[in-house]
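Take 16 as the starting number for the sequence shown in my numbering and just add one per residue.
Hint data in this document are derived by calculation from the structure and do not stem from the laboratory. Heads up, a few of these hints could be off.
Stated by the list, open to error - In silico SDA-like cross-links for lysine to any residue, where the CA-CA straight-line distance does not exceed 20 Å:
#1 K33 to R75
#2 K153 to L99
#3 K122 to G87
#4 K153 to T168
#5 K154 to Q127
#6 K122 to G149
#7 K152 to Y174
#8 K123 to L99
#9 K154 to S128
#10 K170 to D158
#11 K122 to F96
#12 K123 to D158
#13 K122 to S89
#14 K122 to Q166
#15 K153 to Y174
#16 K153 to Q140
#17 K153 to Q127
#18 K41 to G111
#19 K153 to R134
#20 K170 to A157
#21 K123 to Y139
#22 K122 to A169
#23 K41 to I81
#24 K152 to R114
#25 K41 to E176
#26 K170 to G160
#27 K122 to T168
#28 K123 to G160
#29 K41 to D85
#30 K122 to D107
#31 K33 to V58
#32 K154 to E176
#33 K123 to A52
#34 K33 to A52
#35 K33 to L47
#36 K122 to R110
#37 K33 to Q127
#38 K123 to V164
#39 K152 to S162
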Amino acid sequence: MDLYEQPELPIAQSLKQKVEAVLYLKGQPMNLAAIAAALGCEVEDAEMGLIDLITEYAHRDSALEIVETDVGFSLRLRSEFEDLVHKLIPVDLGRGALRTLAAIALKKNIVQSELIELRGAGAYQHVQELVEQGFVKKKRQADGGRSSVLQVTAKFHQYFEIDDLTKLI
16 MDLYEQPELP IAQSLKQKVE AVLYLKGQPM NLAAIAAALG CEVEDAEMGL
66 IDLITEYAHR DSALEIVETD VGFSLRLRSE FEDLVHKLIP VDLGRGALRT
116 LAAIALKKNI VQSELIELRG AGAYQHVQEL VEQGFVKKKR QADGGRSSVL
166 QVTAKFHQYF EIDDLTKLI
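I would like the entire structure built from these sequences, with the hints used as guidance.
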């Protein structure tokens, strides 16, 4: 074997890695038939790869685990990391809060009173929620006005993986 050649992985090892990749990429529970279809293999082979993967995760010191749900199998963070998840990722942004966030992002610097005219009085609650979760920051107007200027934060750009909104419009 040449120094630069990679040894061929055993089929089971390769299948286990492919099952892991499918579960990771789908990001939602999948049953064995769906896993097999995604891999283009027999259900029995997908099951063998899945069992190997479950066994490996059970013995590995990892933040991830394979869990069986009512819908199928899922790759997810272990429950011990729940506090970290809640700290780094917002629990839930409702449709109204997302629309308010979109309006703030598209206007770049918008005065809160202008946002309320645009989105309605419910936007007050949305702004508070978005500030608490770190997606929006409020600054007092430079001219001493009563309303605050709203703008998205670096967390918004990082979380939504948007570095330049003008590319999206």
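Cross-check of the supplied hints:
1. K33 to R75: holds, 18 Å
2. K153 to L99: Violated, at about 26 Å.
3. K122 to G87: Roughly 42 Å separates the two Cα atoms, so the pair is violated.
4. K153 to T168: holds, 10 Å
5. K154 to Q127: Roughly 10 Å separates the two Cα atoms, so the pair holds.
6. K122 to G149: holds, 18 Å
7. K152 to Y174: Distance of about 15 Å is within 20 Å: holds.
8. K123 to L99: The given pair, whose Cα atoms are some 30 Å apart, is violated under the 20 Å limit.
9. K154 to S128: Roughly 13 Å separates the two Cα atoms, so the pair holds.
10. K170 to D158: violated, 27 Å
11. K122 to F96: The hint is violated at about 36 Å.
12. K123 to D158: holds, 18 Å
13. K122 to S89: With a Cα-Cα distance of about 39 Å, the restraint between K122 and S89 is violated, given a limit of 20 Å.
14. K122 to Q166: This hinted pair holds, its Cα atoms lying about 8 Å apart.
15. K153 to Y174: This hinted pair holds, its Cα atoms lying about 19 Å apart.
16. K153 to Q140: Answer holds: K153 to Q140 is near 14 Å, not above 20 Å.
17. K153 to Q127: Roughly 9 Å separates the two Cα atoms, so the pair holds.
18. K41 to G111: violated, 27 Å
19. K153 to R134: holds, 17 Å
20. K170 to A157: Since the Cα atoms of K170 and A157 sit roughly 24 Å apart, the hinted pair is violated (cutoff 20 Å).
21. K123 to Y139: holds, 18 Å
22. K122 to A169: holds, 16 Å
23. K41 to I81: holds, 13 Å
24. K152 to R114: holds, 16 Å
25. K41 to E176: Judged against 20 Å, a Cα distance of about 19 Å means the pair holds.
26. K170 to G160: violated, 27 Å
27. K122 to T168: holds, 13 Å
28. K123 to G160: Given pair K123, G160 holds - Cα atoms ~18 Å apart, limit 20 Å.
29. K41 to D85: holds, 16 Å
30. K122 to D107: With Cα atoms ~23 Å apart, K122 and D107 exceed 20 Å; violated.
31. K33 to V58: Distance of about 14 Å is within 20 Å: holds.
32. K154 to E176: Violated, because 24 Å separates the two Cα atoms, which is more than 20 Å.
33. K123 to A52: Since the Cα atoms of K123 and A52 sit roughly 45 Å apart, the hinted pair is violated (cutoff 20 Å).
34. K33 to A52: holds, 12 Å
35. K33 to L47: holds, 13 Å
36. K122 to R110: Cα-Cα ~18 Å, so holds.
37. K33 to Q127: violated, 49 Å
38. K123 to V164: Holds, at roughly 10 Å.
39. K152 to S162: Status holds; Cα separation ~13 Å.
Violated hints, in rising order: 2, 3, 8, 10, 11, 13, 18, 20, 26, 30, 32, 33, 37; the structure is consistent with all others.
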